[in-house]
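Peer 1: Chains B and G supply the protein sequences, listed in that same order.
Residue numbering for the first sequence follows the working numbering, beginning at 183 and increasing consecutively.
Residue numbering for the second sequence follows the working numbering, beginning at 1078 and increasing consecutively.
Please note: incorrect hints may appear among the correct ones.
[To be verified] Among the chain G residues that face chain B by a calculated CB cut under 8 Å, a handful are:
| # | residue |
| --- | --- |
| 1 | L1171 |
| 2 | N1236 |
| 3 | S1237 |
| 4 | P1240 |
| 5 | F1258 |
| 6 | S1259 |
| 7 | K1260 |
| 8 | I1269 |
| 9 | A1349 |
| 10 | H1353 |
[Unchecked claim] Here chain B is said to cover these stretches of chain G; the calculated rule only asks that three of the stretch's residues, wherever they fall, bring their Cβ under 8 Å from a Cβ of chain B:
| # | region |
| --- | --- |
| 11 | 1094–1106 |
| 12 | 1113–1122 |
| 13 | 1340–1347 |
Quick caveat, the hints were computed from the structure, so don't treat them as lab data.
For every residue, glycine included, the Cβ atom is placed at its ideal position computed from N, Cα and C.
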Amino acid sequence: MSQIRTEKNLQNITTAHPDGIGGSPLRPDGILKVKGEFAYSSDMWHEDMLWGMALRSPHAHAKILSVDITEAVKHPGVQAVMTYDDIPGSKFYGLEIKDQPALATGKIRYHGEAIAIVAADHPETARRALAKIKVEYELLPTITTEEQCLDPETHGYVHEPSEYKGHASGNIVHSQKVISGLGVTDEVRALADVVIKGDYVVGMQDQAFLGPESGMAVPAEDGGIDLYIATQWLHVDREQIAPVLGLPENKVRLTLAGVGGAFGGREDLSMQIHACLLAQRTGKPVKIVYSREESFFGHVHRHPAKLTYETGATRDGKLVYCDARIVLDGGAYASASPAVVGNAASLGMGPYEIPNVNMLAVALYSNNPSCGAMRGFGAVQACFAYEAQMDKLAAALDIDPVELRQLNAVEQGSIMPTGQEIDSPAPVAELLRRVKALPLPPALDTTHLDVRDIPGALSNTSHGEGIVRGVGYAVGIKNVGFSEGFDDYSTARVRLEVIGGEPVAMVHTAMAEVGQGGVTVHGQIARTELGVERVTIHPANTEVGSAGSTSASRQTYMTGGAVKLAAEAVRNELLALGRKRYGWDYNDLSLVGGKVVSASAGALVPIADLLGDSAIDLTREHHHRPTVPFDKETGQGFGHVQYTFCAHRAVVDVDVELGLVKVVELAAAQDVGKALNPLSVVGQIQGGSTQGLGLAVMEEIVVKDGKVRNPSFTDYLIPTILDTPPQPVDVLELADEHAPYGLRGVGEAPTLSSTPAVVAAIRQATGLALNRVPVRPEHLTGTGE
Amino acid sequence: MEFLRPATWDEALAAKAEHPSALPISGGTDVMVELNFDRHRPSALLDLNRISELTAWESGRFEGQEGEVIRLGAAVPYARITRELSRELPGLALAGNTVGSPQIRNRGSVGGNLGGASPAGDAHPALLAAGRDVLVEAESVRGTRLIPIDEFYVGVKRNSLEPDELIRAVRIPVADGPQQFSKIGTRNAMVIAVCAFGIALHPKNGTVGTGIGSAAPTPRRAVEAEEFIAGELAERGLWESGALIGPAAIQRFGELVTAAASPIDDVRGTAAYRRHALAVMARRTLTWTWNEYTQSLRSAA
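Isolated chain B, as found in the complex (with noise of 0.2 Å):
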């Protein structure tokens, strides 16, 4: 950890704990995970309960002549046959835009949609009985490269014209203009001495989460449902669920079922409506837990893209322009895509002052499959783009690629192209030089090799032979909760009761913990906020108020948030209690170790004794600060609560002639604000930046003609350990004033810029342009497409 830190927002009533905050307590859910016997949703089990399955389209682009539901509503063991038309409220849901039918009607718009679902008493007869509806399609051209979907006179409409409900028109959900400074014009470009010009591919990434989608819904006695499910939002989903079962929000009750990764993945619904639906129908529960080929076609995946930009600079290196253009294929459905086109319109200059600014985002409707929230949002896609354009500049001026990035990166107070002011730290020019300064891992030994140190590993491919090293640098900049006048607020209820002659704190949310390790932060935030020992966390459920998504990195600092108000509300209360009571008038108060403590006069009075019989049992909201929405045509507003920030540096070992990569070390350096968990920090930022290398040589979903080609773990790649290289962090704690405890959302900065760093690596060692990730072995020996 470094020594910096400024702390002028934390007030000194909180009381230092070894598991209170920058402490790294264990989660609690660890050991249980590790051994295999932590509960995930896929585990549920209930008496009487039936097994739900969806019926999947084959075909990307179709229209449905007919569906034949007979001969499955008489296979024995079947409860239930659903399609469309047995919908009882509104038949369409989405996260932002409602444009997504809860079963196909009509036209079937990507690979895997589903069309109708089954209740049966085992999974078995579940899947006999889909075997038998009969489908009748017209098979439709497919519109998937975006030469055909901005043509939609020549090549059709995803939606057509009298359906379309994105924000924009013909397969385009969403655009978004960033213009500042002068724009981009001839005189501007006039300024610079040196353009550079690049077109960048990025492929479709998944989340690959482990725990399938899953989930179990309990028909209840007064007519509403019970869900058990693993997502991300339980109060988002239930605003979806709700309408299309015909239910008062109220009769739909939504509990956190063990949650196996999200990533982004379980942002919008997969199964949650179908087993609703099902549960309705047949008044039992219904579980449904898809396959592992079912769940590539069950989630939304990250946007692929295709990014053109064009840099102009000084010849003393000082940027003067970029002219970019990100084009994102969001897929049949609009889920996050609006949302993803403003941050990578608005992040996608990087962390760079650049006076004149004309980018353009849009995403893009299409027969591909749908894609929506991935950890990096937008941002992952242009740090891609915006970093190689950096290396291409620096060597094109032959100015050291890390000393350019410092030379332009931004700093407190400067502004976004988006016109906003960044008003807390932006140590972009810091990060990287203690990532820099890390020591390089040593050469590789060919005295003695390990096949395990080299590219190929225990495949056996190379004895030393072709190993070439590189080494590249990268940095990005994401934004931390939800942007452009999204009012994402949390909330929290903390409970302190006596419990066997102790003071206990209980906390209460509906955040989903996805692993991201918020069920331990609150337990550390109510230690050092209330001087407790125990502190209980309340299973997450939909009976307190929204603690919206995890996700945007946005959890400990709004839910966090959240806990920390509801907690000092409680300390105000009690201290008045005690003040009332005892006739305190110290100024000086704390609680310490289960006591109430004057800062001057000492230990005052147990706080077990203090509370006695009663509980002080309050609900707090955490709102961040205001945001406005990006101003269509110029991009300009105060669009994000912040900015977070963090450098990779990747060494590679590249096999050159088989195209085989290893990364040897990937070491980043991080500004967190405060590390309310270091232990938590340090892995989320190994862990971010693992995912990033998946991207960087592996990951992609592998689409032709909309059709999925790889859904399986044995054809989409993700890093094993001999994949995974060591990875120093260093850690940065530089308050920002306007977040609880200074702290700065950690979780998605790390996949941006470790994706360019190891490209960049490669590059050094291979000498090629790559302009595209992942990088497969073809694209370094010239050998595919």
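Once you have looked at the hints, place chain G on chain B.
Peer 2: Frame of chain B, contents of chain G only:
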């Protein structure tokens, strides 16, 4: 689906005779994946796990095969092959070490690779390279048939077993020279081969064995490459001298290995890459085995 659990080999043969469509299962590392993905619904599974002789190996001399032979039970897991037989069957031991994950290597076996006959099976290139007298023991109630490995693979995921036959063991000559195995995957562990190559030097009879994986409808040898390099070694007296093969011959060997393949473009890689990588692996593994051979000559001298 019926689940048959014979306690003895004879019971297994009887069950297979009665249920010719029953799918044998041992480690289940392939079969269960197919079932779980719902790609295959056999009428019956024939569980061989109770038959302990299948997980044993022995060494000895067998009729029709020269020299010492390892008779490898069909269900000996790869982890044990790598651990126990790396001296006798070095190519297969190296290949076994590239199979899946440690968990898969603890369960998967050569019998399973042969039964599935996938062109991507890691054992095949090593078996093909190990020599023409590698024999698959196929048995049925009608008797034992010894199938030469060259005649075993007949099509994509098809082998020459009769419906009532089971694989009991594979007889593999103990290596009389260096062997190597290389495999391409797009990550550094747990990959299905994009393509693979096995090589074995056979100084006793002056031949070189090869095997190509994942680059043709079946695993296959690169016969012309074998004949070319064996010819070079013989004509130039290299077996005796242990001198360098030289870049031209190594290059030619790689080209001939590539020429023997007929790969396709698929989601795991392009045909062009497979051809390219086979040549590189062929050159490298030939160099490694030859270096090892010359070192052994020198240390014997």
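Peer 1: Tell me, which hint numbers fail for this structure?
Peer 2: 2, 3, 4, 11
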